[in-house]
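All chains, please: the whole structure from these sequences, using the hints.
So the protein sequences, as listed, match chains D and V. For the first sequence, position 56 (counting from the first letter as 1) is numbered 56 according to full-length UniProt numbering, and the numbering increases by one without interruption. For the second sequence, position 24 (counting from the first letter as 1) is numbered 24 according to full-length UniProt numbering, and the numbering increases by one without interruption.
By construction, these hints were calculated from the structure, which means they are not laboratory data. Incorrect hints may have been included.
Cut-off 30 Å, straight-line C-alpha distance, at most; resulting in silico cross-link-like pairs (DSS-like, lysine-lysine) [as the list claims (entries may be wrong)]: (1) V:33 x D:11; (2) V:33 x D:24; (3) D:24 x V:24; (4) D:11 x D:42; (5) D:11 x V:55; (6) V:11 x D:24; (7) D:11 x V:24; (8) D:42 x V:33; (9) D:46 x V:33; (10) V:42 x V:11; (11) V:46 x V:24; (12) D:11 x D:46; (13) V:55 x V:24.
If you want the ones that stay clear, here's a sample from chain D, every Cβ over 10 Å from chain V, calculated [what the hints assert, rightly or not]: (14) 11; (15) 67; (16) 71; (17) 74; (18) 78; (19) 83; (20) 94; (21) 100.
Built from N, CA and C at the ideal position, the CB exists for glycine as well.
2 protein chains.
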Amino acid sequence: MITEIAQIDVKPGSEADFEAAVAKAREAFGRSKGFCGFELHKSIEKPQRYRLMVKWQTLENHTVDFRGSENFTEWRGLVGGFFAAPPDVEHTETVLTSQA
Amino acid sequence: MITEIAQIDVKPGSEADFEAAVAKAREAFGRSKGFCGFELHKSIEKPQRYRLMVKWQTLENHTVDFRGSENFTEWRGLVGGFFAAPPDVEHTETVLTSQA
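Spelled out as structure tokens, the structure:
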């Protein structure tokens, strides 16, 4: 499993609408091959900055399957208008964990 | 609960030693007030880039309690020598989740 980390800066004042649009986009993600769940994080220091952390079974489930699908078109249709700039997207593998 | 996201670029060739040092630092985090666990993520696109995602009960558990403690000194003693630059640290709140 890999994590997609999308750093998204939204237009000032659009925060609540953006969050509602991401909630609506749950269905599009839920239909997507290899989707394992997401968390939407809001920055404390930069209140217009979000990070969408999406778990996928494989890298290709995001870069090929999702981006080539109608689910991606639906996602961008819901949230794209709130972006202040193109999202900065990176993928990671979890190499170590620690429990409290 | 909040998430500390520390973006850490390490010196080329030090990846394995850095990961071993983070494993050793589990104890220092485990002793820290408000610590709820961490994940170490390694970037797929930039193999010298890591993100340490640390869950804390409150922002102050990281910024005040941890940074002012001997646990922080121990952490930096273990990993600081591998840093290619000062880490870029941000804090987030989770505003939305979606399960597969």
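Subject >> Which numbered hints fail >> reply: Result: hints 1, 2, 3, 6, 7, 20, 21 break, sorted rising.
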